[in-house]
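Chain by chain, the residues:
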Amino acid sequence: MSHLLEVKDLEVKFALRFGDLTAINGVSLTLDKGERLGIVGESGAGKSVTGFAIINLLSKPGYISAGRVLLEGQELNRLPEEDMRKIRGNRISMIFQDPMMTLNPVLTIKTQMIETILAHANVSKTEATDIALDKLKKVHIPSSEKRIHQYPHECSGGMRQRIVVAIALLTNPALIIADEPTTALDVTIQAEIMDLLQELCASEKMGLILITHDLGVVSQVTERIAVMYAGKIAEIGPTQVVIHDPQHPYTQGLIKALPGSLQPGSRLNQIPGMMPTLTDIPPGCAFHPRCTISDTICRMEVPALISRHDHDHMIACHVVK
Amino acid sequence: MFAFIVRRIIQAIIVMLVIGLVGFIIQHQIGDPVRDLVGERVTPAEREVIRDQLGLNDPFYIQYVRFVKNAVKGDLGLSFFYKKPALEVILAKAPATIELVLVTALILIVVSIPSGIYAAIYPKSWFSRIIMAVSTIGVAMPVFLTAIVLIYFFGVELNWLPSYGRGETVNLWGWESGFFTLDGLKHLILPSVSLSSIMLPLFIRLVRAEMMEVLETEYIKFAWAKGLHRQRVWYIHAFKNTLLPVITVFGVQLGILVAFTILTETVFQWQGMGFMFLEAVERSDTTLLVAYLIVVGVIFVVVNTIVDIIYGFVNPMVRIAGTK
Ligand SMILES: Nc1ncnc2c1ncn2[C@@H]1O[C@H](COP(=O)(O)OP(=O)(O)OP(=O)(O)O)[C@@H](O)[C@H]1O
Ligand SMILES: [Mg+2]
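Taken in order, these protein sequences are the chains called C and U. Residues 1 to 321 (my numbering) make up the first sequence, in order. Residues 1 to 324 (my numbering) make up the second sequence, in order.
Per the computed footprint, the stretches of chain C lying under chain U, defined by three or more beta-carbons under 8 Å from a beta-carbon of chain U, are:
no.	stretch
1	54-60
2	86-94
3	99-107
4	115-125
Pairs of lysine to any residue residues, derived as SDA-like cross-links and limited to a Cα-Cα distance of at most 25 Å, are as follows:
no.	chain 1	residue 1	chain 2	residue 2
5	C	K60	U	Y122
6	U	K221	C	F14
7	U	K124	C	P61
8	U	K124	U	V110
9	U	K186	U	V156
10	U	K124	C	F18
11	U	K221	C	M84
12	C	K205	C	I131
13	C	K110	U	K240
14	C	K13	U	E216
15	U	K240	C	Q150
16	C	K8	C	A304
17	C	K60	C	K86
18	U	K124	U	L206
19	U	K240	C	G157
20	C	K86	U	L215
21	C	K205	C	D195
22	C	K110	U	I220
23	C	K110	U	L215
24	U	K73	U	V6
25	C	K146	U	G312
26	U	K221	C	Y151
27	U	K83	U	P44
28	U	K83	U	A45
29	C	K110	U	W224
30	U	K186	U	L158
31	U	K240	U	T217
32	C	K33	C	D83
33	U	K221	C	D98
34	C	K205	C	E127
In silico contact screen, one side only, chain U against chain C (beta carbon under 7 Å); selected entries:
no.	residue
35	E218
36	Y219
37	A225
38	K226
39	L228
40	H237
In short, the hints are calculated from the structure, not lab data. Since this is a predicted model, take the numbers as computed values, not measurements. Built from N, CA and C at the ideal position, the CB exists for glycine as well.
Just chain C, same shape as in the assembly (with noise of 0.2 Å):
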């Protein structure tokens, strides 16, 4: 059966200095259409990289040094630029992180709602405008004709952020990236956000792709989820099995360090230890130096990513069975 979107052994790496750095390292997976995937994962795991990856828009010494990535079977990562500029923004669209600075300060809104219609479909700027319009009252802006006028300053975080989901639905994409859309908005504000997402997501069939440190925001929109672990997957699977059932060590530890799995008072549990940096990822599974359960194979060895239980959940870990 033919996917959404099909990421096979994706590999990035920073030409820097002193060599290559490898940041995502043989990350697969896949996302049907209408379909809700999560990435989690610490800091500097590689989840942004993969989301850039995916629309090519890797910022300068990134590059993709192995692997595919498939759009409705369309080989992304080699297709000349001029044909990925008419993919990205049209058939997947980006929600980044903080919409303070996701906005140009100097052009209103409805300049850059309409000049993503307009390098993307052959319309006029009347047109153009009504399907800003109908996409602002989408994502329930006020008195949207007014709004549409205004500068990003003018705005709100919560109303920017909403302005960037509408841009992000102007194209009608097939996919949407969400890189950590509410990390940088208060927590009433990240819940509307979310659900909005949630909600126009299943409305228009679209896939999502959503990056965040937020297990709670996962586990409630997403269906499916990736834990990401120094440019791997560590596990991947049906959003209520990871995080109810979670087979790999590392997102056990992600898990039991939610605040919200304890009793009031008692300390939080850490995982020990820190990700490695990317220069020096200990040989073996690069999480046996924190692992509680880990072997000598775990140093030896890199563990596959393979299914453990049913067939949509795997794990990477030589010592789960």
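Fit chain U with the ligands to the given chain C structure using the hints.
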């Protein structure tokens, strides 16, 4: 916008009062109005009488207030050498300098913005490398050396361009302009090129650095992620944001440029205010020097106000602040 302009005008007045004070102190300390008026051959007793009549024995602040009052009326004193009101002398010279500075500013804008942007977009291209190398040398090159080299090649060796004076000018309502004759324009080339060479390296580097910084921002990344054509990302999204800091620096540097005209005008025998300033120094024409200071101060303030208003038009945040 109205409040913004009022605020700017108040600032301008304060700046002018300070410049006036500096000018007045100079005149008060080293100038000798009695000599300016009657020359050297007057007895000390007679001098004392004249000093009293002129109010030169009044307290400092009274004299300063009088100085400001006169200055507001356009009376900046008499030039010792020309025996004419200092302002009149300067205003006759001002068009030459203003035209020189205008052409220089034009060269700066037209050259620095495209090349700075090009160097930011294609930092590894050979053109960018050459620009950066040349601008490094340019920073270290003194203006008179540039001027002399230019005069030598284009004036003496090739004999393409005049390197002396303003050439043929046209008088438009009292303004001696070199813009309307081919000869006048030709005469403008070498002085303005050498004057612009002082700041060109700085400006190219500034535009390049600002543009590179803007290209790294999240909103530019987002613009790429929206699938915009690269021309749009560069020339609309990035360029407009690059312009903001560039305009600010440009305003300040333009004022400094007026000061640099002293050297350039002297080298090219350009009959402007800068040339006149050096002559006035040689002749100890203090009144004229102080008047020069004040006129340049006015030009500086006016230019900066105009630049600020332009800034307000590019930056929507200033516009809002102004209407509130
Ligand atoms: N421009 C870059 N140059 C060099 N290395 C980079 C660059 N961008 C990312 N990296 C490397 O890639 C690794 C993964 O970065 P990434 O931004 O994907 O982390 P992340 O999982 O999104 O973390 P966070 O939760 O903090 O956003 C980082 O550890 C970093 O070393
Ligand atoms: Mg990130």
